Structure formats: structure tokens, C-alpha cells
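Using the sequences and the accompanying hints, generate a full structural model.
One letter stands for each residue in the lines below.
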Amino acid sequence: MLSYIFRRLLMIIPVLIGVSILAFLLIHLIPGDPAVAMLGERATPERIAHLEEVLGLDDPLYVQYGRFMGQILQGDFGRSIHSNSPVLWEMGQRFPATIELTIAAMIIAIVVGMGAGIISAVKPYSIFDHISMGTALVGVSMPIFWLGLMLIYLFGVKLGLLPPSGRLDVTIDLETVTNIYVLDAIITGNWVALKDALRHLIMPAVALGTIPMAMIARMTRSSMLEVMRQDFVRTARAKGLPEKTIVFRHALKNAFLPVLTVIGLQFGYLLGGAVMTEWIFSWPGIGRWMFMAIGARDFPIVQGGILLIATVFVFVNLIVDVLYSYVDPRIRYD
Amino acid sequence: MKFLHNKRVLTLVILLVFSVLVAGCGQDTGSSGTESKDDGGQQAAAPSEKVLIWGRGGDSSGLDPANVTDGESAKVTINIYDGLVKYQRDSTEVAPALAVDWETSEDGKTWTFNLREGVKFHDGTDFDADDVVFNFERWMNEDHEYHIGGTFDYWGYMFGGYPGVVESVTAVDQYTVEFKLASPMATFIANVAMFPFGIASPEAVKEHGEDYFKNPVGTGPFKFVEWAPDDKVVLVKNENYWGEQAKLDQLIFRSIPDNATRLMELQSGTIDIMDGITPDDVATIKNDDNYQLTLRPSMNVGYLAMNTEKEPFDDPKVRKAVNMAINKKEIINAFFAGLAKTAKNPLPPSLWGYNDAIEEYKFDPAQAKSLLAEAGFPNGFKTTLWAMPVPRPYFPQPQKIGEAMQANLAEIGIEAEIVSHDWTTYLDKTEHGEHDMAMLGWTGDNGDPDNFLYVLLDKDNAVAPAGNIAFYKNDELHDLLIEAQQEMDQDVRADLYKQAQVIIHEDAPWVPMSHSTPPIASKKTVSGYVPHPTGVEPLDTVDIQ
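So the sequence lines, in the order shown, correspond to chains A and B. Residue numbers for the first sequence follow our numbering, beginning at 74 and rising by one. Residue numbers for the second sequence follow our numbering, beginning at 27 and rising by one.
One should not assume that every hint holds.
Simulated pairs of lysine to aspartate or glutamate, DMTMM-like, Cα-Cα distance not exceeding 20 Å [stated by the list, open to error]:
hint, chain 1, residue 1, chain 2, residue 2
1, A, K231, B, D314
2, B, K206, B, D307
3, B, K485, A, E114
4, B, K395, B, E437
5, A, K326, A, D401
6, B, K549, B, D314
7, B, K240, A, E248
8, B, K240, A, D246
9, B, K263, A, D246
10, B, K455, A, D131
11, B, K455, A, E119
12, B, K455, A, E316
13, B, K455, A, E114
14, B, K485, A, E119
15, A, K231, B, D315
16, A, K196, A, E316
17, B, K499, A, D246
18, B, K76, A, D246
19, A, K231, B, D307
20, B, K367, B, E356
Taking CB as the label site, the calculated pair distances span [what the hints assert, rightly or not]:
hint, chain 1, residue 1, chain 2, residue 2, range
21, A, D131, B, E335, 20 to 30 Å
22, B, A433, A, L232, 39 to 49 Å
23, A, V136, B, E236, 21 to 31 Å
24, B, D505, A, P118, 50 to 60 Å
25, B, D306, A, L75, 53 to 63 Å
26, B, E270, A, A122, 39 to 49 Å
27, A, A122, B, M514, 27 to 37 Å
28, B, Q393, A, G129, 26 to 36 Å
These are calculated hints, taken from the structure and not from any lab test. Model, not experiment: these values are computed from the prediction. Every residue, glycine too, gets a C-beta built ideally from N, C-alpha and C.
What follows is the structure, given as C-alpha cells:
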């Protein structure tokens with residue numbers, strides 16, 4: 074197993090090189106350069122030329138790419154063209170927010186999605202099944218920005234139950250350690266901040282969790298249904314095992330593999346930043362950051378961000394693959 | 027079995043976290059909505075503290091004013107820094123700030139500033155002439171040790187490069203600074219008053235180097251406390267301010283990118299004041315007694331530029347026809363929520379030098395049609411109309427405005443296809459003249475007519491990448507504008523600019539569309555807010571009940 078993990082980690086290197094070349098080319102091939110983006114209406118030939126010279130944008134592409142890779146290898150992700158702030162610092166400010174939101178969204182998605190899927194499978198074609206699968210269909214198809222705005226309007230403005238957007242009430246002081254506010258609040262024992270951070274998390278997590286929730290629910294149901302029809306389940310029933318034991322110990326364990334795949338993929342996607350959710354809920358995560366950087370042609374941020382997202386995705390996949398062998402002992406990596 | 031055991035633990039943890047989440051929400055359901063929102067705030071800030079929370083669309087890119095070009099950065103830095111001089115609260119007339127007075131030599135090449143005594147930076151260091159010299163040399167000399175942390179863009183732009191027009195800055199004594207210019211520059215003092223030229227503490231600049239952008243230290247009415255990128259910037263009152271102290275104890279800028287969310291934040295009371303209001307929401311705010319709408323005086327122009335290098339727009343008759351075909355009034359009522367004036371000049375009417383004697387091209391499709399026929403296009407022609415992809419203060423709904431213009435033009439037989447790209451591409455392509463007609467606009471930097479007419483319509487700027495995207499070239503106009511740049515007498519300059527506007531009106535390279543007055547919405551409890559024409563203002567006079 075260890076050697077398998079090691080091999081998989083080694084494979085990350087060519088993947089990242091490929092991703093970096095692709096990211097570099099893509100962002101350089103679209104029209105509009107960072108000097109223009111930065112100067113906006115105020116671009117003059119002298120100013121653009123000056124900026125391009127200062128930023129090294131007048132060098133040939135391969136020189137720029139070489140410089141970029143050279144920096145990365147030394148652990149230097151460069152500085153943002155637009156703000157001159159270090160890319161790593163910017164990432165460190167935003168990635169924890171994305172992690173926090175992703176975990177919250179996935180918790181909701183997994184608990185509710187698997188729960189609904191299991192019940193639907195145990196009582197197929199029941200009213201609950203129809204309702205929950207109908208809801209799941211709506212969930213998959215619902216535009217997040219619409220759902221988000223409706224949630225804010227209902228719970229934030231009309232009922233006043235939850236703060237409309239943001240991560241934490243701006244007047245609350247929270248000493249940051251990890252920049253994952255919920256965790257920081259627990260570490261520093263700041264219960265006011267913890268409560269407030271959780272309240273801020275609910276709506277964006279629900280909005281972001283809706284699609285994975287629906288996918289998990291549908292996958293759990295279909296996979297469970299298939300397993301429930303198999304002989305060993307009938308045998309278990311014949312043995313007189315309680316239904317609960319059959320469903321959770323025997324069926325669910327066998328039906329979990331495809332569900333785990335969905336969970337893993339969704340986790341990876343969400344960790345790549347959720348532009349719409351972050352936008353609507355003023356969540357300072359990497360989705361919004363990357364989105365703005367692409368618009369501003371802020372090459373170092375886009376390149377650094379894509380590398381981060383690719384790395385995270387590869388790692389999440391690796392973790393899922395390793396988990397497979399725990400779920401299904403027949404799967405071995407040697 | 028092992029997995030099942032782990033899974034159970036996992037489920038337990040998940041349920042636990044989830045129940046905390048639900049509890050976080052549930053605990054407040056008992057109390058009434060508005061109270062629950064406020065309690066978070068009052069736990070941290072003492073009840074007597076006055077905190078203003080400003081909701082805005084974007085984050086600052088940096089807090090070193092010399093190294094930023096965006097309004098969201100300027101909005102914050104103008105509260106942290108003072109320049110040598112500043113603009114009056116409601117106009118672009120220049121007033122004393124860190125300099126108490128100043129004089130210029132007869133040839134306009136020497137400027138002497140007498141500095142305010144007893145001023146301290148936020149880090150406790152004293153302010154004097156050496157600090158002024160340090161700052162200006164940092165901005166203008168590319169080989170200065172601390173010319174780092176950015177590209178010092180506005181310096182090069184306003185003062186003509188590095189070092190540009192400034193030959194030397196010297197401390198004559200502890201509180202006197204003398205500038206020697208290479209040539210007289212009429213806009214010098216108005217430029218020095220701009221936000222990028224806020225005086226920074228040299229100690230702080232030296233200490234933080236490249237990272238000064240997130241550790242700003244000035245002399246202004248507010249001190250910097252904290253910046254959480256894409257989330258908030260927190261400032262507190264500077265108790266040792268040299269002028270009248272700020273009324274607020276804390277000033278917090280929150281980034282709320284979505285316009286609809288931002289309005290809902292205001293409605294739920296979590297922010298006190300916001301900008302970036304879509305015209306559709308203006309009525310909502312106007313009809314609610316809890317809020318007030320403040321209009322920013324216009325120092326902008328939205329225009330439709332016709333590419334005079336391309337047929338048929340090389341013919342002034344065609345350009346005049348287009349001017350007469352577009353119904354500006356209707357467009358402003360429909361897509362600016364009425365919050366704009368129709369434009370007849372490139373200059374906004376609030377600027378000195380505005381020529382009010384010019385007669386606007388009246389909306390007259392019949393006359394436009396006959397002009398087109400005279401120009402040889404009795405049946406019109408096909409062309410492209412470029413519409414911006416993003417709202418700007420001068421065009422709040424550019425796509426819809428573009429479509430309205432398209433419909434107007436169709437009436438006289440001009441079949442215009444709408445073209446749009448993402449913002450950066452749009453700017454890039456229009457600067458290189460790929461368009462036939464293109465919508466764009468401008469917000470003034472320093473309140474000087476030169477900053478509109480020379481930048482947007484002089485032949486010097488009609489070279490790609492151009493600021494003059496009509497690629498309009500007129501030598502007579504050029505001579506007038508250059509003369510005005512070197513003339514020190516404002517009355518004489520105003521005359522020159524009035525003549526310039528006559529020429530531009532005759533040649534009609536643009537359809538000047540609108541001078542918008544962007545709205546700012548605030549709670550009724552907010553008072554003392556005076557929006558400045560330049561788009562940014564210090565908030566030291568703002569109070570909240």
C-alpha cells in the first residue's frame with residue numbers, strides 16, 4: 074500500500090507539469106494582456122510599454138514559462154501582477170475559506186443525501202422515495218445563484234434568522250491561526266465567533282451542497298437497490314437478521330463504493346472553488362479569486378491557483394482510491 | 027468490520043458537527059430577527075462605539091496608494107493618507123492638507139510648499155520636509171531603493187513618466203519643500219491633490235519593503251488595523267489627527283461582489299452604506315423610508331466613439347447623422363433610472379471650462395436620414411456597434427443601452443451588429459481600433475479639462491493602444507490643447523478649452539451620451555456623507571446614530 078501511495082505521489086509530478094504548461098498557454102493565448110486589464114480606460118501606449126517591461130511581459134513565452142517554473146521549483150509562486158502581493162500569501166488567505174465551505178457543504182450533502190438515498194432504496198416507489206428523488210432532480214438542476222439569492226432573501230432579509238453573506242460579523246475579533254474560522258474559534262475558545270461563523274456557514278453550505286447532495290442521494294439509492302436485490306441480502310433476511318443490520322451492515326457497505334466515488338469527485342470539485350456560491354455569499358474563497366484573476370489576466374495568480382487546484386484534485390483522488398481498499402477488501406494495490 | 031466501526035465514528039462526528047450547525051441557527055429563532063443580527067456586533071464593539079460598515083463590490087488590490095489604480099483601493103487609502111494638498115469636499119478646487127500654503131514662480135517651473143508643523147504619522151514618527159522628499163523620490167525615481175512594491179503607475183501617468191516633469195524635490199528647511207519642474211505644468215497642483223500621492227511614513231516603507239501594500243501608515247484621519255482579502259478592511263479613528271477628528275470610531279469596508287446580495291445586506295441592517303446600485307434597485311431604495319439615496323456629482327462621460335479611420339465614419343456628415351439618430355433622453359430614463367444628464371460635450375458640466383453655449387444635436391431621425399443621403403448612403407449601411415460587457419459608473423447597463431442605440435440607428439437605415447467581448451479583451455481591441463463604433467467612458471482623475479479633452483480626443487492619443495478610440499485627429503485642436511497645458515492662468519485656459527469644444531462639436535467624433543450621477547444608498551441614521559466628484563472621499567465627517 075505504501076509503495077502504491079508513493080508511486081501515485083510521483084505521478085503527480087508529470088501531471089502538474091502538464092497542467093502548468095496548459096494553464097500557462099491558455100491564459101497567454103486569450104486576447105487582452107494584464108497591462109490593459111490593469112490600466113482599464115487609462116491605458117496609454119507609454120504606460121502599457123512601461124508596465125510590460127517592468128513585469129517582464131515583453132519576453133518570449135518560453136522565457137516567461139521558464140522563469141515561472143524556475144520560481145515555482147524554489148517554492149516562490151511569484152507576486153500578483155495586479156496587487157503585487159505574494160501569490161502564496163493570497164492563496165493562504167483564501168484557500169482555508171474554501172476548505173471550510175467545502176467541508177460544511179459536503180457534510181450536509183453526505184448526511185442528507187445518503188440518508189435520503191438509503192430510505193428511498195429501502196422503501197422504493199414509496200411516497201418518500203418519489204418526494205426525495207423529485208427533490209434531488211430539482212436540486213441537480215437548480216441554478217445556485219437563484220437558490221442562493223432566494224435563501225438570502227428568505228432567511229436573511231424576511232425572517233432575519235441568518236446573516237445574509239460573509240464569513241464572520243465584521244465587528245467580531247477572531248484571532249486567526251489556520252484561517253478556517255470555525256477551527257480558529259474552537260482553538261482560541263472564542264464561542265461568540267464560533268456561533269457567528271457557523272451561522273454564516275449555513276446558507277452557503279446548503280446552496281453549495283445541494284448539487285452533491287442530490288447526486289449522492291441518487292447514487293446511493295440506485296446502488297442500494299441493486300445490492301438489496303442480491304442473493305446475500307435474501308440469505309441474510311432468511312437467516313432472520315434484523316432489517317437494520319441488513320441495510321447498514323450488509324447492503325450499505327457493498328453499495329458504498331460508487332457513492333464514495335461520487336463523494337470523492339464532488340469533494341475535489343468543490344475544493345477547486347465555487348465561483349457562484351462564493352460570489353453570491355461574499356465568501357472570500359479561491360473560486361472568486363481565480364475568477365477575478367482570469368478577468369484581470371493576473372497570470373501568476375491564475376497559474377498558481379490552477380496548480381493548487383490540480384494538486385488538491387489529485388490528492389483527493391488518491392485518498393478516495395486508498396479508501397476503496399478499506400471499503401472493499403477485494404481491492405488491493407500492490 | 028473495521029470499516030464499519032470507522033464509519034460509525036465518522037457518522038457520529040458528522041452528526042455532531044451538523045447538530046452544532048443547526049443549533050447555531052436554532053438558538054436565535056427564539057429572539058426577533060433584528061436583535062439577533064445586532065448582538066454579534068455589540069459583543070465586540072462597545073455599545074457607545076460608532077462603527078460604519080461600507081458595502082462595496084470589490085476588494086482593494088493594495089493599500090499603498092502610489093501603487094494602485096482602482097477605485098476600491100483609493101476608497102480606503104484616502105482615509106489613511108493625506109497629500110500635500112487635497113480637493114475641497116464637494117469640488118475639485120485644491121485646498122491645503124499637509125502643506126498649509128504654496129506658491130509658484132512666474133515661469134511656472136518652481137513650486138514651493140510650506141508644510142504643516144506638529145503632524146505625526148500613525149506609527150508615531152514626526153512628519154517633515156524630508157518625508158515629502160522621500161515619498162516623491164520613491165515615486166519618481168525608478169532607481170530609488172524603495173521604488174518597489176508595484177509599478178507606480180499613476181505617477182508616470184500624471185507627471186509624464188519617471189521622473190517625468192519633476193526635475194528635483196528638495197527640503198529647503200524642516201518645513202519647506204521646493205519642486206523644480208522641467209517645463210511649466212498647469213495641472214501640477216491638481217495632480218498633487220490626487221489620492222495616489224498620499225504621503226507615507228518612510229519608516230514604515232523601509233520596514234515593510236515589498237509588503238508595504240498591506241501595512242499602510244499615513245497621517246490621515248483613520249488608522250489601518252486589519253485587512254482580510256476579499257472580505258474586509260478595518261480602520262479605526264486616528265486620535266492624534268492634526269485636523270478635526272473623525273466622528274466614527276471604526277470604519278469597515280466589506281467586499282460584497284453581488285449587487286443583489288449587497289442590497290439585501292443593507293436591508294437586513296448588516297451594512298450601513300453601499301455603492302454599486304443597479305438602476306433597477308433605485309426605486310426600491312427611494313420608496314423605503316429607512317434609507318436615503320445620495321447622488322455623486324458627475325465627473326464622468328459615457329460616449330459612443332465612431333472610428334474616424336474607417337469608412338463611412340471618416341465622413342463628418344455620417345457622424346452627425348448618428349448623433350441625431352440616438353435618443354439620449356429616452357435611454358437615460360430607461361437605463362440610468364433617470365440618474366444622469368444628457369451630454370453635449372465631452373466635459374461634464376461641473377468642470378470649469380465647460381462650454382454651455384454649444385447647441386446639442388437634437389434627436390431628429392428625419393434630418394439624420396437626409397444627412398446620410400447627402401453623404402451618399404440614402405439606404406443606410408451595415409456596421410458594428412461594440413457594447414461593453416461590464417457596467418461602469420458612466421454606463422450602468424451597457425448591453426441594454428447598446429441595444430437601444432442599435433434600434434435607434436435602425437430607424438435611419440444603419441444596421442449595426444452588436445459586438446461584445448470580456449472586459450480586458452474589449453479594452454484591448456478597441457484601443458487597437460478594431461471597432462466601427464464603440465461604447466466607452468471616462469471618469470476624471472484630477473478635475474482638469476485636460477484630463478478629458480487631451481486624453482480622449484487629442485491626436486497624440488490616437489495611436490494604438492489609444493485613449494482616443496475615435497482615432498480622431500485635428501491639428502487645430504491639438505495646438506489649442508497643448509497651449510492650454512502650458513498656460514498657468516486658469517481663465518485663459520478655460521477659454522482655450524471652450525474653443526476646443528466647439529471644434530469637437532463640429533467634427534462630432536463621438537456621440538456624447540451621458541454624465542451619470544452614481545447613487546449611494548445609506549441608512550437614514552448615516553449623516554455627514556458628502557460624495558466627491560472624483561469618486562473617492564475621506565469619511566471623517568460621516569456620523570452614524
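query: For this structure, which hints from the list above don't hold up?
result: 2, 12, 17, 24, 28
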